[in-house]
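There are 2 protein chains.
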Amino acid sequence: MLERGVHRFVAELSRETGMLLKQETFDSPSPTLLIHAVHSSERVQRLGDDESYELAITKSGAKLTAPTPLGILHGLQTFLQLVETTANGFSVPAVTIEDKPRFAWRGLLIDVGRHFIPLDELKRNIDGMAAVKMNVLHWHLYDNEGFRVESKRFPRLQQAGSDGLYYTQADIRDFVAYAHDRGIRVVPEFEMPGHSRSLFAGYPELASGPGPYKVEPNGVDAVMDPTREETYQFIEKFFAEMAGLFPDEYFHIGGDEVNGSQWTANGRIQAFMNAHGMKTNQDLQAYFNQRLQKILNKHQKIMMGWDEVLRPDLPKTVVVQSWRGQQSLAAAAQQGYRSLLSFGYYLDLMWPASQHYAVDPMSGAAAALNPDEKSRIIGGEACMWSEWVTAENIDSRIWPRNASIAERLWSSPETQDSASMYTRLNRLSRRLEWLGLTHRTSLLTAFYRMAGTNDIAALRTLAGVVEPVKDYTRMNNLKGAWDFRGPLNRLVDIAHPESDEARHFRDAVQTYARSGYKDKTAEGEIRARLIAWRDNDARLRPLLEQSFLLNELKPLSEDLSALAAASLFALNYLGQSTPSPNSWREQQLALLERAKTPKADLLLMVVEPARQLIEGSGGQTR
Amino acid sequence: MLERGVHRFVAELSRETGMLLKQETFDSPSPTLLIHAVHSSERVQRLGDDESYELAITKSGAKLTAPTPLGILHGLQTFLQLVETTANGFSVPAVTIEDKPRFAWRGLLIDVGRHFIPLDELKRNIDGMAAVKMNVLHWHLYDNEGFRVESKRFPRLQQAGSDGLYYTQADIRDFVAYAHDRGIRVVPEFEMPGHSRSLFAGYPELASGPGPYKVEPNGVDAVMDPTREETYQFIEKFFAEMAGLFPDEYFHIGGDEVNGSQWTANGRIQAFMNAHGMKTNQDLQAYFNQRLQKILNKHQKIMMGWDEVLRPDLPKTVVVQSWRGQQSLAAAAQQGYRSLLSFGYYLDLMWPASQHYAVDPMSGAAAALNPDEKSRIIGGEACMWSEWVTAENIDSRIWPRNASIAERLWSSPETQDSASMYTRLNRLSRRLEWLGLTHRTSLLTAFYRMAGTNDIAALRTLAGVVEPVKDYTRMNNLKGAWDFRGPLNRLVDIAHPESDEARHFRDAVQTYARSGYKDKTAEGEIRARLIAWRDNDARLRPLLEQSFLLNELKPLSEDLSALAAASLFALNYLGQSTPSPNSWREQQLALLERAKTPKADLLLMVVEPARQLIEGSGGQTR
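For the protein sequence lines, the chains are P and F, in the order given.
Be aware that the first sequence starts at 0, since it is given in numbering that gives the first Met the number 0, and climbs by one per residue.
Be aware that the second sequence starts at 0, since it is given in numbering that gives the first Met the number 0, and climbs by one per residue.
For reference, chain P alone in the conformation it holds in the complex:
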C-alpha cells in the first residue's frame, strides 16, 4: 500500500509539474522527501485507524512521519497541496504540519442505481476523495431504477433488474482493492425493504404486492414482504454472498422512505401484524430490521441504516445515518447509537459549497449533548444521488463542492471563513484535473453538442452565470413522471452547481459598495463583465436559433443582457455621483423580478448584485 501510494504521489507530482519524474529522483543529492511509517498496513482498513501524520519541510528537505501508511497517504496529499508555481520554479513552503482528522468517518455516497456509473468514473472519484482525505465510499448499489451488482446466487437480480449495466464480481473486487490502496473503505448499501423495486423484477415473490414488476419509470412503489420466512431465506443467502464480496465491517441496509401502502393492502400481512401485536407499519419495519441485524451478525458485519431505522428496540451496535435533519443525529447519539450526518451534505440539491461548509455535525441539537454522547457522532457523508446524474456530469456535481464537506469533517470546527475555503477550493479544483476528473472539461464537449459548432464562447458566457435550480425544484417542476431513461443534455444538466463567475461579480459589487462607490479597480472589473454580458445575447442568438437544445435559453439570455444594460446605467450614475431618478429605478424592478424567476430550470445568479447597483444608484447610501 505504502509503495504504491508513493508511486502514485510521484506520478501526480510529475503530471502537476510536467517533469518526467521517477521514484529514483529521490536518491539525488537535491532536497529529499523522507518517508517513515511506524506500522505496516492491514489487509482491511477499519474505522478509527490512526490517520495522523507529521510533515516537516525545511530548506534541505522534507520529512513525513506517521504511525500508519494511512497517515503517510494523507501527508503525501498535503505535500501535493503545497506545491506552487512561482517565479523561480515549483516550490513548497517550509512548514511543519501535525495533522489528524476530527472525525473518523468521512464519506461520500454515490448512487449507481438510478443511473449506472462505470468503474472508470468511480475510480477517478476515489482519487478525488483521496486528495481531500475522505475515507469511506458508500456505494448505493441499487434502487428502484436498477440493480447493479452481479449475484451468482441470484442472477436474475442483475439480469431482470438492470438494463445490462452492472458490476461483475471481478469489477467489485478490483474496485474495492483500488479504493483500499488509496486509504478508502467501501461500504455497500443493500436498500430494503423500500427503494428495492429492481429486486422484484427477477424475484417478484419478495414483494408485498402481486406485481408483475419491471424496471420502468413510474412503477409501483413496492416494498419487500417482511412476513414470509422465504424473504429471510433469500436475504440470508444474498447477504452471505455479498458479505464475502465486500470486506468492510460495515454493511448498510438502507431502510428509508418505506411506503407502507402495499403492506396495508395485503390481508396476509395485516393478519401477521395482528398476530404479532404490531400496530403500525413502523412496528413491522422494526421487526424486519431486527431480523436483518441477526443475519448480519452471523457474518460479523455491523449494520447501518438511514434514520428511519431508529427505534427503541434497535440493537445498540447499529449505526444510524441522519438524512432528514440534524435532530435525528443527536437523538441517535443520545439513545446510545453511533451516528453520522448526511443532512446538509446532499450534493444533488445544488447548494453552494459555503452552505455545505456551514453544516457541522456537532452543531444544532448535537451541541447540547454531553461528551460521551458526542463521542458517538462518528462523522458525516456527502451524498451524490443520481436522479439527474450520469457518467458525463457526475464529476461536476461532486467537485469541487465535495471538498468543502471533506474539510468540514477533517479540520477544526473553528475554521469557518468561507472566503479562505473558496481559495483552497480553487486550488484543489486545478489539482483534481490532473487526477483525470472532468468537472470542468466535460462542459466543453457538452457545449459543442448543444451548439453544434466550435464557436461556443457566447454559450460559455451565459452558462458561466447560471446555476441549476436548488433542492427538489427540478423534480417538482416536471410535467409528467420522472423518466430515468430520458436524455440529460440540457444546460441544467451541464452548468456548474455553483457559479464562480457570479460569486466573483458579487464580491466585486460588495467591494465597490463598501468603498462608497469609489473603488476604481472594482468598478473597472464590474464594467468589463457587464459589457460582455450586455453584448452576449446578440452573439448567442444565432446559436439559440439553430439548436433545439439551446432554444429554451432565449429568455434567460435576454434577461442577462437587459440586466447588464440596466446595471451599466446604474454604474454611470454612480460614477457621476448623480442619483438615478426614482422612476428609472422603479422601472428596473420589473426587470429584476422577471430575471429572478427560474427559466429552463436555471437561475440567473447575478440578479442580486445587479439590484444592489441599481438601488445603490439612487444615492441613499452616499
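If you're looking for bench data, these hints aren't it; they were derived computationally from the structure.
Any given hint could be a false lead.
Straight-line C-alpha distance at most 30 Å; calculated DSSO-like pairs for lysine-lysine [said to hold, decoys possible]: (1) LYS315(F) to LYS99(F); (2) LYS519(P) to LYS553(P); (3) LYS373(P) to LYS293(P); (4) LYS553(P) to LYS213(P); (5) LYS519(F) to LYS553(P); (6) LYS478(P) to LYS553(P); (7) LYS553(F) to LYS519(P); (8) LYS99(P) to LYS58(P); (9) LYS122(F) to LYS122(P).
Covered stretches of chain P, as calculated for chain F (at least 3 residues, CB under 8 Å) [stated by the list, open to error]: (10) 4–16; (11) 428–434; (12) 481–487; (13) 534–546; (14) 557–570.
All of these numbers come straight from a predicted model, not from anything done at the bench.
Think of the CB as a built atom: it goes at the ideal place given N, C-alpha and C, for glycine as much as any other residue.
Starting from the known structure of chain P, fit chain F onto it as the hints suggest.
Okay, now just chain F, sitting in the frame of chain P:
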C-alpha cells in the same frame, strides 16, 4: 467484430447526443438503421481487404451495406459524421453514399521510443484513427532513447533498455486486439541497424563499437554489427518471438539514418567488408537487409524499410517507406517495389493541416509513372515522432491535423479545397472529444500548471494566436544536447500546432480587404479581436511575473499588444478613408519585423494579416 462495432457506434451516438441509447432502441418503430455485411470478418486483417460500403439514408430509415465488416465500420463512422444538432432535434441528412478508399494503406506512425506513450493514450488514438478511417498503426517500438517491448527471450532488452516504461506481451496482445476490433492493423517496427542504442544497453555485443551503452542523452550514435553471425542468431530468435506477438503480415525493420562511423572505426568490420568486396557502408547495410529479409521470410512476414533500404539487390517483396522526399517513392515504384509516402506527413514538424492536405502520393515524380508503376504506390502514413511529445500533449500534436492526411489518403484527389477541409476538420475535432481525445482539454490543465491560478483567460488568449516553430527549428535552437528526460511544460509544448484563431483572423482580414475595406461585419470582427489582443498584455502581465514557466513569454505578449494597437490605428485610417501617413507606416515596419522573429520557440501567427491592414491603410489599393 461487427457486433462490437455496432455496440461502440451506439455508445458514441449516445455520448454525442446525451441520450441514454441502448442497442435495443433499434427495434423501435421509429426510423431504423439496418446493417448488412455480406461476409464475416477474418481473424487477421490484410492489406487490400474490401473496405467499401453503401449508406442510404431516407426519411423512413437508413440502410448500410458492405461486403465486409470493415466496410460496415467505415459506414458507421460516416453516419456519426452526419449527425447534426438542429433547431428541431438531432438529425442526419437524407443522402446515399457509395464509398471506398483510394489507397489501401492509410497509416499513422507513433514513436513510443523517445517518450513512452501509455496504452490508454494509444487506444484513444486508435479510436480517432477509426473515426477518420485510417487502417494501419505503425508502432515505432523503440529508438536510441528507450526499448518498449517485453521480450521473454531477451529480458535485458526492456530491463536495461528502458526506464521501466514498456509494454508487456499481454499489453501488446490486448492492444492489437483493440485495434483489430476497430479495423486497424498494427505493424511493428524493429529499427536496425541504426537508431537502436537502447538494444545495446542490455546486449552490448550486438553493437559495432566497444560501448558501454546506456540509455542516456547525448550517447554514442551506435549501430549493430552486421558482420558477426551472433548478431543474426540474436535477430533470428528475437524476430521469432516478435513474429508470434504481432499477427500482421508486415514487419518493419527501420533501416534509416545509419551512421557508419562505428563501422569505419572497426578494423574487424573493415576486414569483413574487404573480404566480401563491399566498397561502402551502404553495401554492408544492403547485405544486412538481405539477411533480415531471409529471416522474416521464414516467418511469412513481408519486410518493410525506410527509403534508405532501396538498393538494386533488394528483394522485390520489400515495401519501401519514403521519408526523405517524394522522389524516392516514385523511384521505388519504378524499380518494382511497393511503396508508401511519409514525406510531407510528419506531424512533429508542426505544419498546418492545409500543408499536409496538399501533399498527394501521386503528385511530383509519381505523376509521371505508368499505371502499372502507379499501382505499386499503396498509400501513405502520417508520422508522430516523439522528441517533444508525451502522453500529455500527444493528442494535440496528432489531432485534428491527422484527419487532413487521412482524408487525402481516402478521398478523391480532385477534392483539394482547403476551406471546406477545415470545415470538416472543425466538426471532426468536436467528435474526437467524445472519443476521449484530449487535443483541446489538455491545454486547460497545462495552463493551470503554468499560471498557478484559475484565472487563465489572458494566457489562453495569447496561446490562441501562437504556434510552435516549424520543421526542426526547435531542435536546432537548442543550446546544449537534447535531453529526452527534460520537462515538457513550456507553452511551446502546449500550444496547438495550428492556430484556429489566427486563421479566422487572416480570413476576416482577407474578406475585409477584398471588399475594398467596406465590409462592416468583417471590420467589426477584426476590431473586436484587436481590442482584446491590445488589452491582453496588461491582463497577462501579473501571471507572467509570478510563474517561471511564463516568464519567457513577456516579449511575445508585448508584441501581440503592440501589433494589435498598431492595427487598430490602421483600421481607423481605413474606416475614415484617410490614407495613413507614410512615415507612420514605416515606423510600424520595425514592429512587424520584431514580431515576426520566433520567441520562446513560438511564432506569433497574426503578423501577416496585421501587415496587410497596416500596408492597406496607405490607400494604394483604393
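Okay, the hints, checked on the actual structure:
1. For the given pair, LYS315(F) sits about 28 Å from LYS99(F) by alpha-carbon distance, which is consistent with the 30 Å threshold.
2. Annotation: proposed proximity of LYS519(P) to LYS553(P) is violated, straight-line Cα distance about 33 Å (limit 30 Å).
3. Restraint check for LYS373(P) and LYS293(P): the C-alpha separation of about 27 Å stays at or below 30 Å, so the hint holds.
4. With a CA separation close to 39 Å, the supplied pair LYS553(P) and LYS213(P) exceeds the 30 Å bound.
5. Distance hint between LYS519(F) and LYS553(P) is fulfilled; the C-alpha atoms sit about 26 Å from each other, no more than 30 Å.
6. Under the criterion of a C-alpha separation no larger than 30 Å, the hint pairing LYS478(P) with LYS553(P) is consistent with the structure, at around 21 Å.
7. A threshold of 30 Å between alpha carbons decides the hint, and for LYS553(F) with LYS519(P) the separation of about 26 Å falls inside it, so the pair holds.
8. Distance check on the hinted pair: LYS99(P) and LYS58(P) sit about 24 Å apart at the alpha-carbon level, within 30 Å; holds.
9. The suggested pairing of LYS122(F) with LYS122(P) holds, with an alpha-carbon distance near 19 Å, which does not exceed 30 Å.
10. Counting residues of the region 4–16 of chain P whose C-beta lies closer than 8 Å to any C-beta of chain F gives 3; at least three are required, and the coverage claim holds.
11. Interface restraint, the region 428–434 of chain P with chain F: holds (4 residues with C-beta to C-beta distance below 8 Å; minimum three).
12. Coverage of the region 481–487 of chain P by chain F holds. Counting CB-CB distances below 8 Å, 4 residues qualify, and the rule asks for three or more.
13. Note: the region 534–546 of chain P has 3 residues with beta-carbon separation from chain F under 8 Å; the three-residue rule is met and the coverage holds.
14. Counting residues of the region 557–570 of chain P whose beta carbon lies closer than 8 Å to any beta carbon of chain F gives 0, which falls below the threshold of three, so the coverage claim is violated.
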